[in-house]
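*Asks:* Residue numbers (the UniProt record's numbering), protein chains in the order written: chain X, 1 to 363; chain G, 1 to 363.
Some clues are possibly wrong.
Since the list gives no way to pick out one identical chain from another, each pair is judged satisfied if it fits inside one copy or across any two copies.
Unchecked claim - Listed next, the in silico DSS-like pairs over lysine-lysine satisfying Cα-Cα at most 27 angstroms (straight line):
1) Lys328 with Lys229
2) Lys3 with Lys110
3) Lys17 with Lys110
4) Lys3 with Lys194
5) Lys233 with Lys150
6) Lys221 with Lys321
7) Lys161 with Lys218
8) Lys233 with Lys161
9) Lys218 with Lys17
10) Lys321 with Lys273
11) Lys249 with Lys328
12) Lys194 with Lys307
13) Lys221 with Lys249
14) Lys321 with Lys17
15) Lys249 with Lys208
16) Lys249 with Lys229
Since the hints were made in silico from the structure, they are not lab data.
Protein chains: 2
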Amino acid sequence: MTKISEIGEFGLIHEIKQIVDKNYQNYPYLQCGIGDDCAVIDGGNGVSQVITTDLLVEQIHFDLLTTPVSHLGYKSVSVNVSDIYAMNAVPKYATVSIGVSESISVEMIKEFYQGVFRASRGFSVPIVGGDTSASIAGFLISITVVGEQKSELVSYRNGTKEGDVLCVTGDLGRAYAGLKILMRERLQMLEDIKENNQNYHPVFEDYKTVIQKHLLPKARKDIIEEFAKYGIKPTSMIDISDGLASEIKHLCRNSNVGVLIHEIKIPVINDTKLIADLFADDTTTYALFGGEDYELLFTVGKDMISKIELMEDITIIGEIKSKEFGVKMLSLEHEYVDLLQRSGFDHFKSGTSNQKNNLDNED
Amino acid sequence: MTKISEIGEFGLIHEIKQIVDKNYQNYPYLQCGIGDDCAVIDGGNGVSQVITTDLLVEQIHFDLLTTPVSHLGYKSVSVNVSDIYAMNAVPKYATVSIGVSESISVEMIKEFYQGVFRASRGFSVPIVGGDTSASIAGFLISITVVGEQKSELVSYRNGTKEGDVLCVTGDLGRAYAGLKILMRERLQMLEDIKENNQNYHPVFEDYKTVIQKHLLPKARKDIIEEFAKYGIKPTSMIDISDGLASEIKHLCRNSNVGVLIHEIKIPVINDTKLIADLFADDTTTYALFGGEDYELLFTVGKDMISKIELMEDITIIGEIKSKEFGVKMLSLEHEYVDLLQRSGFDHFKSGTSNQKNNLDNED
Numbered sequence: 001m002t003k004i005s006e007i008g009e010f011g012l013i014h015e016i017k018q019i020v021d022k023n024y025q026n027y028p029y030l031q032c033g034i035g036d037d038c039a040v041i042d043g044g045n046g047v048s049q050v051i052t053t054d055l056l057v058e059q060i061h062f063d064l065l066t067t068p069v070s071h072l073g074y075k076s077v078s079v080n081v082s083d084i085y086a087m088n089a090v091p092k093y094a095t096v097s098i099g100v101s102e103s104i105s106v107e108m109i110k111e112f113y114q115g116v117f118r119a120s121r122g123f124s125v126p127i128v129g130g131d132t133s134a135s136i137a138g139f140l141i142s143i144t145v146v147g148e149q150k151s152e153l154v155s156y157r158n159g160t161k162e163g164d165v166l167c168v169t170g171d172l173g174r175a176y177a178g179l180k181i182l183m184r185e186r187l188q189m190l191e192d193i194k195e196n197n198q199n200y201h202p203v204f205e206d207y208k209t210v211i212q213k214h215l216l217p218k219a220r221k222d223i224i225e226e227f228a229k230y231g232i233k234p235t236s237m238i239d240i241s242d243g244l245a246s247e248i249k250h251l252c253r254n255s256n257v258g259v260l261i262h263e264i265k266i267p268v269i270n271d272t273k274l275i276a277d278l279f280a281d282d283t284t285t286y287a288l289f290g291g292e293d294y295e296l297l298f299t300v301g302k303d304m305i306s307k308i309e310l311m312e313d314i315t316i317i318g319e320i321k322s323k324e325f326g327v328k329m330l331s332l333e334h335e336y337v338d339l340l341q342r343s344g345f346d347h348f349k350s351g352t353s354n355q356k357n358n359l360d361n362e363d
Numbered sequence: 001m002t003k004i005s006e007i008g009e010f011g012l013i014h015e016i017k018q019i020v021d022k023n024y025q026n027y028p029y030l031q032c033g034i035g036d037d038c039a040v041i042d043g044g045n046g047v048s049q050v051i052t053t054d055l056l057v058e059q060i061h062f063d064l065l066t067t068p069v070s071h072l073g074y075k076s077v078s079v080n081v082s083d084i085y086a087m088n089a090v091p092k093y094a095t096v097s098i099g100v101s102e103s104i105s106v107e108m109i110k111e112f113y114q115g116v117f118r119a120s121r122g123f124s125v126p127i128v129g130g131d132t133s134a135s136i137a138g139f140l141i142s143i144t145v146v147g148e149q150k151s152e153l154v155s156y157r158n159g160t161k162e163g164d165v166l167c168v169t170g171d172l173g174r175a176y177a178g179l180k181i182l183m184r185e186r187l188q189m190l191e192d193i194k195e196n197n198q199n200y201h202p203v204f205e206d207y208k209t210v211i212q213k214h215l216l217p218k219a220r221k222d223i224i225e226e227f228a229k230y231g232i233k234p235t236s237m238i239d240i241s242d243g244l245a246s247e248i249k250h251l252c253r254n255s256n257v258g259v260l261i262h263e264i265k266i267p268v269i270n271d272t273k274l275i276a277d278l279f280a281d282d283t284t285t286y287a288l289f290g291g292e293d294y295e296l297l298f299t300v301g302k303d304m305i306s307k308i309e310l311m312e313d314i315t316i317i318g319e320i321k322s323k324e325f326g327v328k329m330l331s332l333e334h335e336y337v338d339l340l341q342r343s344g345f346d347h348f349k350s351g352t353s354n355q356k357n358n359l360d361n362e363d
């Protein structure tokens, strides 16, 4: 009997992929299976359907002590919709299933669905069904989102070539800064509960920008709409769930290319820097390995740079190189750092963490 | 704080539906949301997409002591595909997510996916993605299947009218008979484990037909194919997951009609009768309330009877009446029994059971 911790989550996904991949050739309408943000299915008439799904487990993916349950509802939908946008597609409908143990009240479930509903409205994706179940331990959530796009406009991870530029939306590391604050307050709260101390009230107000980014990440609907407006099709795209370094590695491995990014260009806001300083951490580490920002990382041909510059909130952080060049960052100290040397998180190997890994976004 | 057990699963689903239903009018492409076997979405060009999802939790929906994990993989896919067939649609692709605790080995997961893969092949539905997660307690499974059909051929629960005939595929109560045997053997096994007795080996061979029906229910692909072959479109349809009585009630409530079924016509095989006798139970009770047979219950106009008679493995068990007539069974003793008087199972109210209830198949 082999324990899962012996092979890790990526090892497990590899085993599953071996079994499931076997008969893909029998389904010519299947354009992409396991190995991208979404699976892609030819729906006929030049339109593709894309599908993504997440299974979220209390104490593995979230902690109800620091996560308001309505935020959890919003985030669960938002991060799946983010996978749809990462294919340059538009979400059409979603299902939401929940498993609830004795400790979960009807009021909590209603609040959860208020958050789900807010995301549903915000991203124009109706919740069309789902399932409810009892649970042995804690709160379980399973969400599936189906989207669509003209087949020729779907962006995969494997489409970029040497000479393309690498772009990122928004700013990075902020969600991780928020998590650091939440974890600190959580420890304090647990201590207070132990000591029956009623006096301590966590002050989140000062850290609102970073905590909100962690608890309520907003999938980048606006970016996909601007791509359509300006006639931009990214040559490759992925959403940043596990940190910039991990996502860059996926794009490079899938596209069989290398990359050079410039540390100085990685967009980080001041609030993130302040919190990194507070914990005596390195800000770039937050951006590279923090994860959960749910920004979009994408590439376009050089001919698109003038159009990209018309869009707000996008930063060009590097350029695609040959595979032989490797996956590197030019640091602030003008040194070339190999980004392949540090691996992402793996919650099967490292115990619980706030990281999640999808069948569809790992291979 | 309201406990879920106070309002029950149907009460909970009602609460969720209240929140989720609010903005359906904003999505004209949504043909049917919560309240049928699948949600139905207008995919354009006269084709509809249908979607169904299940969340299955160890110790709530299945027991690994009596369920080989490969069978569990097969069944998880089969029962979702069954929901697709219940809309008279064809499954196109599926996602499978799992949550696994420390007690689950890599070998078990591989076996699970062997079962998933067997169903995937048998029902021609590729597994295109999914998610993997750690779990705090036991094995978690979430499956979503998307299917399609010409919009005009989709069968709903609400389409039958007075004068139609009510038909059922296969035989009923067999899965429940299988469950009875498995539960008996499970008790024996638990006792043996407690007493460290190595001598007792359960003999399942004699009960193969009923146990297989419980562990490996086969969604009725053949029936949907025959409908297409003979040009039959059921006026309403549902799959039998919770027992004949419960499904009949759904059809009648949704279609605003009554029904008269004839106990003598309910198809039950001898093996089921023998086991009901063994436990001194009533065979019709197995058929009416046992559930998990995953046969199809459907209605057709009288003009279709000649075509239905060309098909194998279908029994006409009753006729649709006015709403005022009620929902009744003419018993073997020539008495009219009111089927609305006995309610289905509800695992939130009755503790764990082998019943499952979907958002999409309850309202």
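*Asks:* Starting from the hint list further up, note which numbers the structure goes against and sort them upward.
*Replies:* Those not satisfied are hints 1, 6, 7, 10, 12, 14, 15 and 16.
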